[in-house]
Amino acid sequence: MGETLRAQRKALGAGEISSVELVDAALARAEQNDLNIVIGVRREAALSEAVEADGRRAAGTLRSPLDGIPLLLKDNMVQQGEPATCASRILEGFVSPYSATVVERLAGAGAVVIGRSNMDEFAMGSSTESGVYGPSGNPWDPERSCGGSSGGSAAAVAAGVSAGALGSDTGGSIRQPAAFCGVVGLKPTYGRVSRWGLVAFASSLDQIGPLAHTAEDCAWLLQAIAGHDPRDSTSTPQPVPDYSAALSGDVSGLTIGLPREYFAEQGADPVVIERVREAVAELQRAGAKTREVSLPNTSYAIAAYYLIATAEASSNLARYDGVRYGRRAGSCERLREMYERSRSEGFGAEVKRRILLGTYVLSAGYFDAYYLKAQRVRTLLRSDFEQAFEQCDVIATPTSPEVAFRLGEKTVDPLSMYLSDVYTVSANLAGIPGLSLPCGEAHGLPVGLQLLGRVLDEATLLRVGDAYQGRTDHHLRRPPERT
Amino acid sequence: MTASDRYEAVIGLEVHTHLKTQSKLFSPAPVRYGDEPNHDVHPIDLGLPGVLPVLNEGVIDLAIRLGVAIHATVNERSVFARKNYFYPDLPKGYQISQYEHPVVSNGWIDIEVPAEVESQREIRRIGITRAHLEEDAGKSIHGASTGSDSTYIDLNRSGVPLLEIVSEPELRSAAEAGAYLRALRAILRYVGVSEADMEKGQFRCDANVSLRPRGQKELGTRTELKNINSFRFVEGAIEAEIERQAEILDEGGEVVQATMAYDPDTHRTSVLRVKENADDYRYFPDPDLIPLVIAPERIEAARRELPELPDRKRRRFERELAVPAVDARTLTESRPVAEFFEETVRHHGNAKVVANWVLRDLLQLLKERDLRVEELALTPKALAALLALVDEGRLTAQSARALFPELAEQGGDPRAMMAERGLESVRDSGLIKGCCPRMPIRSSATARVTRRC
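Protein chains in written order, with the numbering used here: chain X, 1 to 483; chain W, 1 to 453.
Excised from the complex, chain X in its bound form (with noise of 0.2 Å):
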């Protein structure tokens, strides 16, 4: 348990397990799933593709670094013949036809997905609580959250059910459950990975990205998933670099900013500004340099973030409606009503809570003081991010302004809950990539380091994600283990 991919590859390379073994047991272990992480598993197919990973392994074609490798899927990626719920009752019944790029793409690396990890309802939710499948619990502490919305994929890491998984990042959702259980997450640049078969949050912000125990094995994961796709007109065709190759443990002449509005933030947790300030020491002592930046505008981000992510959820859920998949309520008389009671017995609070507000924002008469004024600073933010990138080569802020917060905790104010994504939307605005790393822990609980970099510069991010963990041992720590 809690091996590294780079641990299951030298296995697997040494012959001291076979893919066949890897992912029985890390289907065993989601299956016992004892904190609510893994809500779907697909035993025979992974069993079936891990015996063919091993045929390949003994004729020597390896397909990748990852070959045979088990690994986790937020249940927003869709996967040929599988079910996606997006952790939603009104994806109830629904088998997708077709699968996500991503996961075309591990297929192609000859990664093996053994199952869907929980998530927040359509990704909306910084807790892992607003699913229909209920609250997963984090690993370090199952009364505490695991984070959200990819708090199943962080948790799953954190346990060990599997050493690698894919989330997705709208506003944090893959930094934040990444520290709150203390495991990598990047959230590369948007359009670095393809959204093709991502079931939409808000199309201008979503990208998918991996979360495992070190920098590394993010590099391999990240070198499957990225690459331009003809099927994603907002995807990138700039080459993908090899990201491990970058990891060269060095950081000398490298500039870290630190932006004066990150660290004054009001309602932080000092224990976790302080762990912050202690990374970016070691960091210093690896040779990095270090300076104050200024971002401005950081202030309005959860503003913007809440009015351009809800407008675009609005509409990108409209499709469920119950006419042609998914749940629709039973004996309906008329078209209304059977749209009424279908959406409204799909959907859970919170997500009628951003479906009402982004309708509201895109309504004429508050379309150009709303949606068009949070583009605007969404403008303001991309340049304010170019100015300080033009004086450092990373930027580095907590992921979260606090440890994970406990189950319920947040649920009964939603803007309290809003209010933590505070550190990680502006990436999302911005379409900067995001690495969060743990570096230490505050009440006994993960912290984490947040690295933001120059748009398609995740080599970088990774580069000193990796030196630091070369430097310190956070990255080994992990949760007691559950009986």
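Treat the hints as calculated values from the structure; they're not laboratory data. Any given hint could be a false lead.
No more than 25 Å apart at the CA atoms, straight line, and that leaves these computed lysine to aspartate or glutamate pairs for DMTMM-like [what the hints assert, rightly or not]:
#, chain 1, residue 1, chain 2, residue 2
1, X, Lys373, W, Glu100
2, W, Lys139, X, Glu337
3, X, Lys352, W, Asp89
4, W, Lys275, X, Glu340
5, W, Lys139, X, Glu340
6, W, Lys83, X, Glu340
7, W, Lys83, X, Glu337
8, W, Lys275, X, Glu337
9, X, Lys373, W, Asp279
10, X, Lys352, W, Asp280
11, W, Lys139, X, Glu333
12, X, Lys352, W, Asp279
13, W, Lys83, X, Asp368
14, W, Lys139, W, Asp263
15, W, Lys226, W, Glu100
16, X, Lys373, W, Asp280
Dock chain W against the given chain X, drawing on the hints supplied.
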């Protein structure tokens, strides 16, 4: 005093025309007509979770071609937007269209206003506000026609590429509206943008109609006639709506803003849905698509390659070939027919003779057989040869006419066919005189013809 003496009608038309493409606007599913329901669909057309639209590059040239053909600005940057509304045949709950930034804006076409007397026909220039790309919705098939009280959804049409072409409210009568539609359809067909076949739903029209007392500047309240599906009905519907509004205004009433339906059997329009407040479609730029950027060179190339359009062709036929105006109009309605005509003239030389044959025999045959001229085996050269035989007196017009259908459908050499059938006229008067005494002369008409030989 008629309604049109008291009131001026103000009419604007929105035409939806299917683009001539192999596949849909944002999906690789084929565009076909008459297939089994829900046969031509891709996950994108079904609005499945996780799908994304990808623009069919083929539509860009068609949009450019339309733009240059209607003397419009082809915008170098246009933006796809989502038009949000719920309807069972709209799978995503929104239609991808263009809103603030259409691909084509500010164009015009000339129409000929029909008149009783040919010389009184007047040319009017009608402004075209914009033309934008959008996807079609599916079809809802309701109750009665399905033999149940259910509604069935056919998504074959979902995602078919459309151009919506919006005219300025500059049309003043039903007849002008009809002329505008015919002119627009001819242009669409000439430049190969659309088949524009109304029966197949490839060319649909909404009309906005309002009346104002003659001399008044402000516009009256308008109503909208939706989805009129035949040329005949467009004019009928607009006429009926003008009459209905005139009656209301005559009685001192007020026209209510509404969507109207037209019943061709009773020749009346009736209120389908009253618009209490404007629909709010919550348009916003589609974040799944990047703006459509068109290089100026591409627009220039389309301008250079633009074929001769119907009105210019018509005027040239009148001027260069001395074809009467009414015939020139018919000959140029379809580009393949016009080109067939011109090519035949080139081989034969006499435009008047060729025009007669094309207008009468050829068009009639096409109509009877429901064929297009391209589908015939007939070549302009063969028709010219047939007509030459008549000119030379070797074939009577009657015999030529008898040969024509076979020549048209199977092709061949008219001389050989004539010889094979023994249809060549006998011009040796001695021979004919020799035969005459042996022929029983039954009618005086035959006798007269025979005596003349």
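Hints, verified against the model:
A distance of roughly 17 Å separates the Cα atoms of Lys373/X and Glu100/W; the hinted pair therefore holds under the 25 Å criterion. Restraint check for Lys139/W and Glu337/X: the C-alpha separation of about 21 Å stays at or below 25 Å, so the hint holds. A hinted pair counts as satisfied when its Cα atoms are at most 25 Å apart, and Lys352/X with Asp89/W qualifies at roughly 23 Å. Distance restraint check for Lys275/W and Glu340/X: the Cα-Cα separation of roughly 22 Å lies within the 25 Å cut-off, and the hinted pair is therefore satisfied.
For a cut-off of 25 Å, the pair hint linking Lys139/W to Glu340/X stands: about 22 Å separates their Cα positions. The straight-line distance between the Cα atoms of Lys83/W and Glu340/X is roughly 20 Å, inside the 25 Å bound, and the hint therefore holds. Proximity of Lys83/W to Glu337/X is assessed by CA-CA distance (about 22 Å); at most 25 Å being required, the pair is judged to hold. Taking the CA atoms of Lys275/W and Glu337/X, the gap is near 22 Å; set against the 25 Å cutoff, the hint holds.
For the hint linking Lys373/X to Asp279/W, the alpha-carbon distance of about 23 Å falls within 25 Å, and the restraint holds. For the hint linking Lys352/X to Asp280/W, the alpha-carbon distance of about 20 Å falls within 25 Å, and the restraint holds. A distance of roughly 21 Å separates the Cα atoms of Lys139/W and Glu333/X; the hinted pair therefore holds under the 25 Å criterion. Pair hint Lys352/X plus Asp279/W holds up; C-alpha atoms about 22 Å apart against a cutoff of 25 Å.
Between the alpha carbons of Lys83/W and Asp368/X the distance comes to roughly 17 Å, so the proposed pair stays at or under 25 Å and holds. Between Lys139/W and Asp263/W, the direct Cα distance comes to roughly 21 Å. Compliance with the 25 Å bound is thereby established for this hinted pair. The straight-line distance between the Cα atoms of Lys226/W and Glu100/W is roughly 23 Å, inside the 25 Å bound, and the hint therefore holds. Note on Lys373/X and Asp280/W: the hinted pairing holds, with a Cα-Cα distance of about 20 Å set against a maximum of 25 Å.
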